[in-house]
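**Q** Spelled out from the first residue to the last, the chains are:
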Amino acid sequence: MPDRPDRFAPGDRVRTRIPDPPGHTRLPRYARGARGVIVSTAGHHPLADERARGLPSDPRAVHHVRFAARDLFGEGDHAVVVELWEDYLEPDPAGHPEPTEERNSR
Amino acid sequence: MSTTHDDAPLAAQVRHLEALLEERGWLAPGEIDERLDAFAAGGSPANGAAVVARAWVDPYFRARLLADGNAAIGELGFSMGGALQEQKLIVVANDADEHHVVVCTLCSCYPIALLGPSPSWYKSEAYRSRVVRDPRGVLRELGLELPASTRITVWDASAESRYLVLPRRPEGTDDLTEQELAALVTRKGLIGTAAV
Numbered sequence: 001m002p003d004r005p006d007r008f009a010p011g012d013r014v015r016t017r018i019p020d021p022p023g024h025t026r027l028p029r030y031a032r033g034a035r036g037v038i039v040s041t042a043g044h045h046p047l048a049d050e051r052a053r054g055l056p057s058d059p060r061a062v063h064h065v066r067f068a069a070r071d072l073f074g075e076g077d078h079a080v081v082v083e084l085w086e087d088y089l090e091p092d093p094a095g096h097p098e099p100t101e102e103r104n105s106r
Numbered sequence: 001m002s003t004t005h006d007d008a009p010l011a012a013q014v015r016h017l018e019a020l021l022e023e024r025g026w027l028a029p030g031e032i033d034e035r036l037d038a039f040a041a042g043g044s045p046a047n048g049a050a051v052v053a054r055a056w057v058d059p060y061f062r063a064r065l066l067a068d069g070n071a072a073i074g075e076l077g078f079s080m081g082g083a084l085q086e087q088k089l090i091v092v093a094n095d096a097d098e099h100h101v102v103v104c105t106l107c108s109c110y111p112i113a114l115l116g117p118s119p120s121w122y123k124s125e126a127y128r129s130r131v132v133r134d135p136r137g138v139l140r141e142l143g144l145e146l147p148a149s150t151r152i153t154v155w156d157a158s159a160e161s162r163y164l165v166l167p168r169r170p171e172g173t174d175d176l177t178e179q180e181l182a183a184l185v186t187r188k189g190l191i192g193t194a195a196v
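Protein chains in written order, with full-length UniProt numbering: chain Y, 1 to 106; chain G, 1 to 196.
Treat the hints as calculated values from the structure; they're not laboratory data.
We put the CB at the ideal spot given by N, CA and C, even for glycine.
Be aware that one or more of the hints could be misleading.
[What the hints assert, rightly or not] Which bits of chain G does chain Y cover? Going by a derived footprint, with three or more residues having C-beta under 8 angstroms, they are:
id : segment
1  : 68-79
2  : 152-166
[As the list claims (entries may be wrong)] Examples of chain Y residues lying across from chain G (beta carbon under 10 angstroms, computed):
id : residue
3  : I18
4  : P22
5  : G23
6  : R26
7  : G43
8  : H45
9  : L72
10 : F73
11 : D77
12 : H78
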């Protein structure tokens, strides 16, 4: 069981963190500083960044986050779903109601 | 790692490390190979094909598979438990409107139990970097031309889940048995880089 309550739930609009951490991370570079929507929760796992450094790490939520290609790459009509630990995410209350292919701004 | 070269400096480093660990008695000779073999044991695209064929003939199984992949493949005797811990299986179904394709942009995560060892192109820098950006173009190069109206969703296996694509059942296969249907399913179809 998770030791901490989930910070996000499916349907929440989020923005991924921008900084490049000093060590291992599972937030792909192409998905940094991007706006997306949580589509589902994939489970609860210790943070890979902390485990890679040999640090203790409590399980916390990992989410499937859907991004419109245009929001990631500035072009494209597809979507990319990335599985991200909640640590990589910030709330994005200003996010568009429907982050779909129609959008082209950050 | 994304490529395999026995003569690469990295391979030499790994062999050196292995030798040091064995010297200290922390690792039995051949232990790593045994672990790798155990991890890959029984893994084959035939497993994934059997799962897909069952889903094609049994809509209730299909629903269970999409809701809880791990439990559903267990019904057929398969498991995602080959690694140190059981991996969560997410099955995504293609339909007339949406096509799914799987990648691991960070390394080469892949459902070995259902697909066997991953093909070299899946681990290639080119596939991993390009399919998230231009899936339609990459699929076209791989021989899959999708209608412009078909939406594409790319799944990046960046964390703990593994993904399997459930292809659409081909037209004109109503008379085929479950086994005959399974024979139609390819590894590429299960990754989403082919229609079936």
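**Q** With a cut-off of 10 angstroms on the beta carbons, see whether F73 of chain Y makes it to chain G.
**A** This hint holds: F73 of chain Y lies near chain G, its Cβ roughly 5 angstroms from the closest one there, short of 10 angstroms.
**Q** Classify the hint on L72 of chain Y as holds or violated, based on whether any CB of chain G lies nearer than 10 angstroms to its CB.
**A** 8 angstroms, holds
**Q** Quick one: see if chain Y covers the segment 68-79 of chain G, three-plus residues with Cβ-Cβ under 8 angstroms.
**A** violated (count 0)
**Q** Given D77 of chain Y as an interface hint, is the shortest Cβ-Cβ distance to chain G below 10 angstroms?
**A** Holds, because the Cβ-Cβ distance from D77 of chain Y to chain G comes to roughly 8 angstroms (cut-off 10 angstroms).
**Q** Is the hint on I18 of chain Y kept, meaning its closest Cβ partner in chain G is under 10 angstroms away?
**A** 17 angstroms, violated
**Q** Is the interface hint for G23 of chain Y satisfied, with its Cβ closer than 10 angstroms to some Cβ of chain G?
**A** Where the cut-off is 10 angstroms and the nearest Cβ of chain G is about 14 angstroms from G23 of chain Y, the hint is violated.
**Q** Does the closest beta carbon of chain G sit nearer than 10 angstroms to the beta carbon of G43 of chain Y?
**A** 6 angstroms, holds
**Q** Tell me if the interface restraint on P22 of chain Y is satisfied: Cβ within less than 10 angstroms of some Cβ in chain G.
**A** 17 angstroms, violated
**Q** With chain G as the partner, please determine if H78 of chain Y meets the hint condition of a C-beta pair closer than 10 angstroms.
**A** Since chain G brings a Cβ to about 4 angstroms from H78 of chain Y, closer than 10 angstroms, the hint holds.
**Q** At a threshold of 10 angstroms, is the proposed contact between R26 of chain Y and chain G supported by beta-carbon distances?
**A** 5 angstroms, holds
**Q** Are at least 3 residues of the segment 152-166 of chain G within less than 8 angstroms of chain Y when you compare beta carbons?
**A** holds (count 10)
**Q** Does H45 of chain Y hold up as a contact with chain G if the rule is Cβ-Cβ below 10 angstroms?
**A** 5 angstroms, holds
Hint violations for this structure: numbers 1, 3, 4 and 5, all remaining hints satisfied.
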